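A.B. asks: Protein chains in written order, with my numbering: chain R, 772 to 932; chain U, 772 to 932; chain G, 772 to 932; chain C, 772 to 932; chain F, 772 to 932; chain X, 772 to 932.
Since the hints were derived computationally from the structure, they do not count as laboratory data. Here the structure is a predicted model, which means the values were calculated and not measured.
Note that the list lumps identical chains together, so a pair holds whenever it fits in one copy or between two copies.
Below 30 Å or equal to it, Euclidean Cα-Cα: the simulated DSBU-like pairs (lysine-lysine) are:
1. K877 x K826
2. K851 x K812
3. K826 x K812
4. K826 x K903
5. K849 x K797
6. K907 x K812
7. K903 x K812
8. K923 x K903
9. K797 x K877
10. K849 x K925
11. K918 x K903
12. K907 x K923
6 protein chains.
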Amino acid sequence: MSVWIYPGSFDPITLGHENIIARGAKLCDTLYVAVLENHSKHPTFTTDEKIELIKECTSHMPNVVVECFSGLLADYAKQKDADAILRGIRNTGDYEYEHNMSQLNKKLNSNIETVFVCAEPELACISSSSVKEIAKLGGDFSWMVNKNIYNKLKDYINRRK
Amino acid sequence: MSVWIYPGSFDPITLGHENIIARGAKLCDTLYVAVLENHSKHPTFTTDEKIELIKECTSHMPNVVVECFSGLLADYAKQKDADAILRGIRNTGDYEYEHNMSQLNKKLNSNIETVFVCAEPELACISSSSVKEIAKLGGDFSWMVNKNIYNKLKDYINRRK
Amino acid sequence: MSVWIYPGSFDPITLGHENIIARGAKLCDTLYVAVLENHSKHPTFTTDEKIELIKECTSHMPNVVVECFSGLLADYAKQKDADAILRGIRNTGDYEYEHNMSQLNKKLNSNIETVFVCAEPELACISSSSVKEIAKLGGDFSWMVNKNIYNKLKDYINRRK
Amino acid sequence: MSVWIYPGSFDPITLGHENIIARGAKLCDTLYVAVLENHSKHPTFTTDEKIELIKECTSHMPNVVVECFSGLLADYAKQKDADAILRGIRNTGDYEYEHNMSQLNKKLNSNIETVFVCAEPELACISSSSVKEIAKLGGDFSWMVNKNIYNKLKDYINRRK
Amino acid sequence: MSVWIYPGSFDPITLGHENIIARGAKLCDTLYVAVLENHSKHPTFTTDEKIELIKECTSHMPNVVVECFSGLLADYAKQKDADAILRGIRNTGDYEYEHNMSQLNKKLNSNIETVFVCAEPELACISSSSVKEIAKLGGDFSWMVNKNIYNKLKDYINRRK
Amino acid sequence: MSVWIYPGSFDPITLGHENIIARGAKLCDTLYVAVLENHSKHPTFTTDEKIELIKECTSHMPNVVVECFSGLLADYAKQKDADAILRGIRNTGDYEYEHNMSQLNKKLNSNIETVFVCAEPELACISSSSVKEIAKLGGDFSWMVNKNIYNKLKDYINRRK
Chain R
772 MSVWIYPGSF
782 DPITLGHENI
792 IARGAKLCDT
802 LYVAVLENHS
812 KHPTFTTDEK
822 IELIKECTSH
832 MPNVVVECFS
842 GLLADYAKQK
852 DADAILRGIR
862 NTGDYEYEHN
872 MSQLNKKLNS
882 NIETVFVCAE
892 PELACISSSS
902 VKEIAKLGGD
912 FSWMVNKNIY
922 NKLKDYINRR
932 K
Chain U
772 MSVWIYPGSF
782 DPITLGHENI
792 IARGAKLCDT
802 LYVAVLENHS
812 KHPTFTTDEK
822 IELIKECTSH
832 MPNVVVECFS
842 GLLADYAKQK
852 DADAILRGIR
862 NTGDYEYEHN
872 MSQLNKKLNS
882 NIETVFVCAE
892 PELACISSSS
902 VKEIAKLGGD
912 FSWMVNKNIY
922 NKLKDYINRR
932 K
Chain G
772 MSVWIYPGSF
782 DPITLGHENI
792 IARGAKLCDT
802 LYVAVLENHS
812 KHPTFTTDEK
822 IELIKECTSH
832 MPNVVVECFS
842 GLLADYAKQK
852 DADAILRGIR
862 NTGDYEYEHN
872 MSQLNKKLNS
882 NIETVFVCAE
892 PELACISSSS
902 VKEIAKLGGD
912 FSWMVNKNIY
922 NKLKDYINRR
932 K
Chain C
772 MSVWIYPGSF
782 DPITLGHENI
792 IARGAKLCDT
802 LYVAVLENHS
812 KHPTFTTDEK
822 IELIKECTSH
832 MPNVVVECFS
842 GLLADYAKQK
852 DADAILRGIR
862 NTGDYEYEHN
872 MSQLNKKLNS
882 NIETVFVCAE
892 PELACISSSS
902 VKEIAKLGGD
912 FSWMVNKNIY
922 NKLKDYINRR
932 K
Chain F
772 MSVWIYPGSF
782 DPITLGHENI
792 IARGAKLCDT
802 LYVAVLENHS
812 KHPTFTTDEK
822 IELIKECTSH
832 MPNVVVECFS
842 GLLADYAKQK
852 DADAILRGIR
862 NTGDYEYEHN
872 MSQLNKKLNS
882 NIETVFVCAE
892 PELACISSSS
902 VKEIAKLGGD
912 FSWMVNKNIY
922 NKLKDYINRR
932 K
Chain X
772 MSVWIYPGSF
782 DPITLGHENI
792 IARGAKLCDT
802 LYVAVLENHS
812 KHPTFTTDEK
822 IELIKECTSH
832 MPNVVVECFS
842 GLLADYAKQK
852 DADAILRGIR
862 NTGDYEYEHN
872 MSQLNKKLNS
882 NIETVFVCAE
892 PELACISSSS
902 VKEIAKLGGD
912 FSWMVNKNIY
922 NKLKDYINRR
932 K
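Between the sequences and the hints, there should be enough to build the whole structure, so can you do that?
C.D. replies: Listed below in structure tokens is the structure:
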């Protein structure tokens, strides 16, 4: 029974995230999509909204569980008895950041492995912040997010403008 | 039943390779360590020698199978019905190369995923060529390879000087 | 009739920017230097000041037009019927950022191309923020900006300290 | 009248090259696709074959001229009175190499500019060598090259195996 | 008599910093560890606390002098008649940043050289911010800082939570 | 008495090398410029020619000693009782390579430090191979090498064409 964790801010979930989740879910028995509650940052979406949107995008994947966590990822991984943390990499900047985090996490929990997959080329330019920026400026972001959540997302973002 | 492949030249196997194998073997049910037979390159070790050395280093890992393959990795992966190719990354140069290969392999076999893990920091400077270079120049390479194969390796390299 | 756009914050214009403008202006019929008005950021200079300074630096280039824009660059490009966005690259960090932006802009406006030129080596360390930082700390920034605007700039920055 | 040069080995031309040519041809009046004859390297295709294949792929672009050149690119550019050299960039490795070449070329011919465009994400994994490697190993490379030259190319490569 | 400067925020000093100081101190006659007082940033520790902690970690190195400075590093270097600025590099991101700073500093003070050493691999994931983040979330950071200051540090951080 | 080593192939010495030597010589008491004799590579210049050219370029620097060495750099450093190896870095590719070498050298000789300085921006595009390539193709390389050795170099290269 292999357990993997895909942690993130998901502010909001994009097609880039969704692609990593779908690919990761095939490689393990249970994949926890873990929304980080960071009380010092000011996300655009509430944790409840984030979880609701992720659940809507991943409802067809039976081995995906959506949760939130706070504190150290290494501790959350211990609690879930996880084998690996999953991360998507879009470019060398991402690689350097994730490399560093994986080294820190292993120091904090020597049982946890971090595995990387590369973003699909055509999705590599998508990030939560680019979704929000383009939405705020009235651009078309329908190609960046799941079509089931597009309207809800549009609504959320407009309300926060 | 998840099947992963760890392909390479292993000319010869180093502690860096061994570390990736040990970590990968924990994340899947069967890990094929697949030695590429490339008839146009001129390796220092024969395929038989390479396999013998890898077997000696991995004999304590029951779910590791050592094999050789020729032709396209994507075809070998299909034949093994593999879920993923495993690769270790030491630096951004490695990352760029592996990123590219993973994109090519997915184009050739859309079922195959490539997963990456980062080299352990203290092993990141080890490569098969640095082992051979240092051995050839009479330097100490005992910290770069498995102690069980160190003497055999020394012998092989001396014979080929 | 080829139309290019060189967008930026220009807070303030540096010799690095000026060099890119001069080189870009030779490669197209009209080059719009487009100052982004971003109401959520807090620039050091007002849009009017920025435009005034750029005009002073580019007055000898007849095919350079200085304007401001707000909203999406892709929309501004459509409005100008532009063929290309021009960007200067100083290092691999810049490259990664610009690569990503060019992919986003093409998704938002499939007619727009992004072309890059490399910063001149001796200008590559200049940025608007380094100009302001050095000026604020009383260092010599005369080698970083156009001599015609140096005093005006010094004055502006001192007033804002 | 702007004249650009797109130099390369084109051993053979790929869909990646073709994409850069098509995008470059829209940004200038005449685009020279310039095949480098390098007598010290041993290309898979002859210069005549390379030119024939490029012509077949670019026949629908009226402002594209296919030629070969030897010697320094900076001299060839002078001879053509070219405004710019065009290069495609696939990743940061490419960027570093091209950055360096552009600096050298400007030193050799101060009138020549080098402009870069980024490879389309889904074409970024294609190179002449990966085409040849995959072809040699019997893999499907039809997605990597122009369909009009695919059979000719297959034939050429088989003959050279 | 060679004089080097190791500047930084040291908010707080980590084992990574300490390692660079120890290595740098062997390469020059006097090494100034220079704490930047930046009044626009809001550090976690006061300058006095930072200096106290650094002194405690470096008391066994007779040629290390701990000081604070404000203003331009290039001016401070002039004042100390320093030969070189010392910087540690952990990854390519650090390299790019430091490369740029060294170019700026040479422009501001042509007598000052910047020399780099690479972080020890096992310390490369340590930064002042990761120390504070992990401490704040209750994780074990004893492996990231000097054991003599660990308790004091823990105390400081807890008080600031 | 600090002793540093600047190792390389110097095939031939360029203004880039010369700049690093001049800067390094100011930071130590004795700088050994150490020409690697690598019997498996086929350099353009003989070791004697290389040494002669370097001596001509560095004769005005009294604390520079030109020598050749073979075998491991770590062993040569031990023999000279050197404190540091000096290396110049031109770009992130160089940085990654040198980072790796410094880690290997420390493993082979724990007393040896590697220090880096960044290439001067306007010299960063110069390498021994670009000198030879441009010279071979009849381009002007007078800006790439010391004017005292330019004619000698031209002569050597022509003879080897």
